[in-house]
Amino acid sequence: MKEMLSYHFGLMKGMDIIMKNKTIKKVIASCLLGLAIISTNSIKANAEWRQDTSGWWYTEGTSYATGWREIDGKWYYFYSNGYMAFNTTIDGYALSSSGEWITTNNTIDSLESNQLIEVYGGDLSGKRKANVKVDIGFGNREYYAYTNQYGQLVKVTAKKIVLQDDSTEAVNSKGRYYDDEAKVPGVESASLDEGHVIADSLGGVSNAYNITPQNSTLNRSGDQAYMEDTIRKAGGCADFTAIITYPNTTTQIPDHYSYTYTLNGNVIHDEFDNINPDEYNVNAGVYNTNTKVNNSNTNVNNNTNVTTDSNKDSERTVYWTPNGKSYHYDKNCSTLSRSKVIYSGTIEECGKTDACDKCSK
Numbered sequence: 001m002k003e004m005l006s007y008h009f010g011l012m013k014g015m016d017i018i019m020k021n022k023t024i025k026k027v028i029a030s031c032l033l034g035l036a037i038i039s040t041n042s043i044k045a046n047a048e049w050r051q052d053t054s055g056w057w058y059t060e061g062t063s064y065a066t067g068w069r070e071i072d073g074k075w076y077y078f079y080s081n082g083y084m085a086f087n088t089t090i091d092g093y094a095l096s097s098s099g100e101w102i103t104t105n106n107t108i109d110s111l112e113s114n115q116l117i118e119v120y121g122g123d124l125s126g127k128r129k130a131n132v133k134v135d136i137g138f139g140n141r142e143y144y145a146y147t148n149q150y151g152q153l154v155k156v157t158a159k160k161i162v163l164q165d166d167s168t169e170a171v172n173s174k175g176r177y178y179d180d181e182a183k184v185p186g187v188e189s190a191s192l193d194e195g196h197v198i199a200d201s202l203g204g205v206s207n208a209y210n211i212t213p214q215n216s217t218l219n220r221s222g223d224q225a226y227m228e229d230t231i232r233k234a235g236g237c238a239d240f241t242a243i244i245t246y247p248n249t250t251t252q253i254p255d256h257y258s259y260t261y262t263l264n265g266n267v268i269h270d271e272f273d274n275i276n277p278d279e280y281n282v283n284a285g286v287y288n289t290n291t292k293v294n295n296s297n298t299n300v301n302n303n304t305n306v307t308t309d310s311n312k313d314s315e316r317t318v319y320w321t322p323n324g325k326s327y328h329y330d331k332n333c334s335t336l337s338r339s340k341v342i343y344s345g346t347i348e349e350c351g352k353t354d355a356c357d358k359c360s361k
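Heads up, the sequence shown is in the UniProt record's numbering, so the first residue is 1 and it goes up one at a time.
Be aware that one or more of the hints could be misleading.
[To be verified] In silico DSBU-like cross-links for lysine-lysine, where the CA-CA straight-line distance does not exceed 35 Å:
1. K174 - K160
2. K160 - K233
3. K352 - K133
[Said to hold, decoys possible] If you anchor each label on the Cβ, the simulated ranges turn out as follows:
4. D255 - D180: 20 to 28 Å
5. S167 - Q115: 31 to 39 Å
6. A190 - A234: 28 to 36 Å
7. R69 - E348: 41 to 49 Å
Because the hints were derived from the structure by calculation, they are not lab data.
Treat the numbers as computed from the prediction; the structure is a model and nothing was measured.
C-beta: ideal position from N, C-alpha, C; glycine also.
Please model the complete structure; the sequences and the hints are all you need to start from.
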């Protein structure tokens, strides 16, 4: 009897210890859950948009967002360094100038299902049909333009850019297939050209599916002209894609162009806003040069070749990053866009001897 009482007493004591351990575990679990909730709420409380000279990022507690993030009901993409992507296409999704996924345009890939229609290359009408696909290559070239549901030209592709051949193709004295271009709404502005996405010299036609209202300086002597000249000098290119974005769904005037193409085996990516690059660079303090235009030397896209009298390289302001290998003449060079720290000064002060290939021209 004594042994049985001892056994039951021991059993009850053991159960008591187990129950106490379970209680302790519950307390610990509750504490951990509470800490997790506090931590989560703390991150949410500290999450906010921040900006510096290189762009926007979104803080998440002591870290920052990367990849795709849904913020206040809108989707954004952040590069691995935390900076927000904008005016570009990521994973086939178009992002606006404010970084939001342009859901109204759907995915860029979905445009392939657009209805294929035929439009005369010299059609001057500025109206476009919505959700269509049009061949804008002159002759047998296959260059395709795509519109979204608002009739905005949002994508142009070409497997291979074949240069104009005026020895076999009918062109006028200016090297154009047609005497005029489509009157897309917006080109009536004195500061906007009837800008080709794919130039005459590169085999593009002049209807509304290859024309956007483009800043005249950008078109004639800026980034657009430089890109076209580069492709011409290389004898053409492959895998050409243009992504065109707009500030809203009602205008036909783009706010940004994104070009990707393969040149001599190298993939090139050009990004630029639809603005006067000279005015922007002067206002940004990037350069201050006297420009002389040689009116006798214009190319077939009516883009005037420009020569500049710049200050000596040793006196020019250049830009660089602490760990970068090159210096840059353009503070807004796309290769600098992901850097949080950018220094400025002379080439001697930067201590680097290699100029950026993209912005040193």
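Evaluated hints:
A threshold of 35 Å between alpha carbons decides the hint, and for K174 with K160 the separation of about 24 Å falls inside it, so the pair holds. Taking the CA atoms of K160 and K233, the gap is near 15 Å; set against the 35 Å cutoff, the hint holds. For the hint linking K352 to K133, the alpha-carbon distance of about 48 Å lies beyond 35 Å, and the restraint is violated. For the pair D255 and D180, the supplied restraint of 20 to 28 Å holds, since their beta-carbon distance comes to about 25 Å.
In this structure the hint that S167 and Q115 lie 31 to 39 Å apart at CB holds, the actual value being about 36 Å. Range check, A190 to A234: about 33 Å between beta-carbon atoms, so the 28 to 36 Å window is met. Distance hint for R69 and E348: a CB-CB separation of about 42 Å, consistent with the stated range 41 to 49 Å.
Checked against the numbered hints above, the structure violates only hint 3.
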